[in-house]
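*Asks:* Taken in order, these protein sequences are the chains called A and B.
With the first sequence counted from 1, adding 15 to any position gets you this note's numbering.
With the second sequence counted from 1, adding 24 to any position gets you this note's numbering.
FYI, nobody ran anything at the bench for these hints, they're computed from the structure.
Since we're looking at a predicted model, the values are computed, not measured.
Where is the CB? At the ideal position from N, CA and C, for every residue including glycine.
Any given hint could be a false lead.
To be verified - Across the chosen pairs, the derived CB separations fall in these ranges:
no.: 1; chain 1: B; residue 1: Arg268; chain 2: A; residue 2: Arg53; range: 29 to 37 Å
no.: 2; chain 1: A; residue 1: Arg53; chain 2: B; residue 2: Glu328; range: 52 to 60 Å
no.: 3; chain 1: A; residue 1: Ile33; chain 2: B; residue 2: Ser421; range: 56 to 64 Å
no.: 4; chain 1: B; residue 1: Glu54; chain 2: A; residue 2: Ser125; range: 36 to 44 Å
no.: 5; chain 1: B; residue 1: Glu167; chain 2: A; residue 2: Ile85; range: 55 to 63 Å
no.: 6; chain 1: A; residue 1: Gly121; chain 2: B; residue 2: Lys213; range: 48 to 56 Å
no.: 7; chain 1: A; residue 1: His153; chain 2: B; residue 2: Arg154; range: 32 to 40 Å
no.: 8; chain 1: A; residue 1: Lys134; chain 2: B; residue 2: Ala109; range: 53 to 61 Å
As a plain string of letters, each chain reads:
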Amino acid sequence: MTGTASKNIILHYPRKLIEQPVISNLIKEYDLTVNISRARIGQDEEGTMVIEVSGAGDNLKAGLQYLKEIGVTFKPISKIIKRIEERCTHCSACTVVCPSEALVIGERSSMEVQFIEDKCTGCGLCIPACPYKAMEMHE
Amino acid sequence: MARTIEEINDRIRKKKACVLTAEEIIPLVEEKGYEKATREVDVVTTGTFSPMCSSGAFLNFGHAKPRMKIQKAWLNGVAAYGGLAACDVYIGATEIPDNDPANKIHPGRFSYGGGHVIEDLIAGRELTLRAVSYGTDCYPRKELSTKIRLKDLNQAYLANPRNAYQNYNVAVNLSNRVIYTYLGILQPKLGNANYSSAGQLSPLMNDPYLRTIGIGTRIFLGGGIGYVFWEGTQHNPTAPRSDRGVPLEGAGTLALTGDMKGMSDRYIRGVSMLGYGVSLAVGIGVPIPIIDEEMMRFVSVRDEDLYAPVVDYSKAYPEREGGTVARVSYKELKSGTVTIKGKSIVTSSLSSYPMAVEIAETLKDWIEKGSFLLTEKVASLPDADSGQTFKPMRMESDDEVRA
Numbered sequence: 016m017t018g019t020a021s022k023n024i025i026l027h028y029p030r031k032l033i034e035q036p037v038i039s040n041l042i043k044e045y046d047l048t049v050n051i052s053r054a055r056i057g058q059d060e061e062g063t064m065v066i067e068v069s070g071a072g073d074n075l076k077a078g079l080q081y082l083k084e085i086g087v088t089f090k091p092i093s094k095i096i097k098r099i100e101e102r103c104t105h106c107s108a109c110t111v112v113c114p115s116e117a118l119v120i121g122e123r124s125s126m127e128v129q130f131i132e133d134k135c136t137g138c139g140l141c142i143p144a145c146p147y148k149a150m151e152m153h154e
Numbered sequence: 025m026a027r028t029i030e031e032i033n034d035r036i037r038k039k040k041a042c043v044l045t046a047e048e049i050i051p052l053v054e055e056k057g058y059e060k061a062t063r064e065v066d067v068v069t070t071g072t073f074s075p076m077c078s079s080g081a082f083l084n085f086g087h088a089k090p091r092m093k094i095q096k097a098w099l100n101g102v103a104a105y106g107g108l109a110a111c112d113v114y115i116g117a118t119e120i121p122d123n124d125p126a127n128k129i130h131p132g133r134f135s136y137g138g139g140h141v142i143e144d145l146i147a148g149r150e151l152t153l154r155a156v157s158y159g160t161d162c163y164p165r166k167e168l169s170t171k172i173r174l175k176d177l178n179q180a181y182l183a184n185p186r187n188a189y190q191n192y193n194v195a196v197n198l199s200n201r202v203i204y205t206y207l208g209i210l211q212p213k214l215g216n217a218n219y220s221s222a223g224q225l226s227p228l229m230n231d232p233y234l235r236t237i238g239i240g241t242r243i244f245l246g247g248g249i250g251y252v253f254w255e256g257t258q259h260n261p262t263a264p265r266s267d268r269g270v271p272l273e274g275a276g277t278l279a280l281t282g283d284m285k286g287m288s289d290r291y292i293r294g295v296s297m298l299g300y301g302v303s304l305a306v307g308i309g310v311p312i313p314i315i316d317e318e319m320m321r322f323v324s325v326r327d328e329d330l331y332a333p334v335v336d337y338s339k340a341y342p343e344r345e346g347g348t349v350a351r352v353s354y355k356e357l358k359s360g361t362v363t364i365k366g367k368s369i370v371t372s373s374l375s376s377y378p379m380a381v382e383i384a385e386t387l388k389d390w391i392e393k394g395s396f397l398l399t400e401k402v403a404s405l406p407d408a409d410s411g412q413t414f415k416p417m418r419m420e421s422d423d424e425v426r427a
């Protein structure tokens, strides 16, 4: 038995899986907790879903393996929001809307805004909030 | 101990001037006291970088063939004012494209506008110029569409009627809904507080009575050289002041100009404010000559000595009711939380302190290298004794009430 583990990931559903109860299976068959922060079906009828999935380490591993086997691809959410460094002026307008403290002022002496990718849940609220268009989403 | 600007310039030419930023001067004064610091330091540099909506640029395109008296013009779809001679226009920072959805779907994105046109020009990008007119014997052309770059223009200079506000409101939201303002997104029920000043680094916080800054003062503007050409619009030197002489609310302002061909898109940037509109972020650095000990007292002001009024942007500001919720220091604002009405509230800034530091250091570097000389002001701006105030607009309905 391993300890509990948690991952913030973005799933890409191929068209054929859109009507399958994939998340339900993760919960019922693999005893995982799933927190959905965003889900949509694009114009090409491919689905994306941003989830935090957690549970016992072995269960999590098996659940992710199940996703791979049925053809759902996924990657860590921390990779989808990017900060274009040369556009960021470190004004801190984004820090007010970021719900996961991924965008915070680190040192109060320098007042620079840090982007802590591991804390990012991919909600995208920072994108329209940035006056300089420094935040971008790359799904 | 007193020194003239000419004496300071002699030392700058010999690369012997002692220059510190308005941040660096604070520990020096704490260590050595005003008198010794005054003897040692010639110049203190300030800096600020923030959206400043009252900004824009005059552009001269040269003449089309056949000639055209431009009546209406658009740069990348953004209208520029053409009511000047044939090929001069003024592009304002907050102009949005004619077909922009604005706030029809609230909050609007405002992804492009006048501020972005100015940034694109300074970045050297090619823009589409479209113009229409009615045609005359001397200017027969009625329509025009071409591509232009900054280097193709004869003159292109910023002419910003109001920049470098001496202190500014801190915006909060007392209502029950999210609001979108020129000071950013404000969460309901005092969810956050947004400010916009470089505080202890801000130019007019360091010369509160405008003793050294006036018409003709040479400055850092957008990465190039600029000048103060007039008092800024809404200049209000009679605002209430602290015992250190610094205004407790928005007060003095500067009208600034400078050649865009010497500027950099690092320090001049288009701004998109969600639900509000577009603007231009402007980087400004003003050198303060230490002409006497009194100036040293002014430039050593610290964030804890500077206070800003907290204003409700859900009602008091839009309805022009006046009144402040509280007063907070810039030290508190920069700490990340302020206490207002007994509640601890997170803060964020529209003004970039790291960019302000960078600008003050760049200007310091220019002066140390001998490439930037200080200027004596040609004329003073209206001062605290002028009686000049910032009046509200005359409303006909107010007249009816009085009558």
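*Asks:* It remains to establish, for every hint, whether it holds in the given structure.
*Replies:* Checked hints:
Distance hint check for B:Arg268 and A:Arg53: the Cβ-Cβ separation is about 50 Å, which falls outside the suggested range of 29 to 37 Å. The hinted window of 52 to 60 Å between A:Arg53 and B:Glu328 is violated, with their beta carbons roughly 43 Å apart. A beta carbon spacing of about 59 Å between A:Ile33 and B:Ser421 agrees with the range 56 to 64 Å that was offered as a hint. At roughly 20 Å, the beta carbons of B:Glu54 and A:Ser125 sit outside the given window of 36 to 44 Å.
One distance hint, 55 to 63 Å for the beta-carbon pair B:Glu167 and A:Ile85, holds here, with the actual separation near 60 Å. At roughly 28 Å, the beta-carbon separation of A:Gly121 and B:Lys213 lies outside the given 48 to 56 Å, and the hint is violated. Remark: the range hint 32 to 40 Å for A:His153 to B:Arg154 is upheld by a beta-carbon distance near 34 Å. The hint said 53 to 61 Å for the Cβ distance between A:Lys134 and B:Ala109, and at roughly 56 Å that hint holds.
In this structure, the earlier hints numbered 1, 2, 4, 6 are contradicted, and the remaining ones agree with it.
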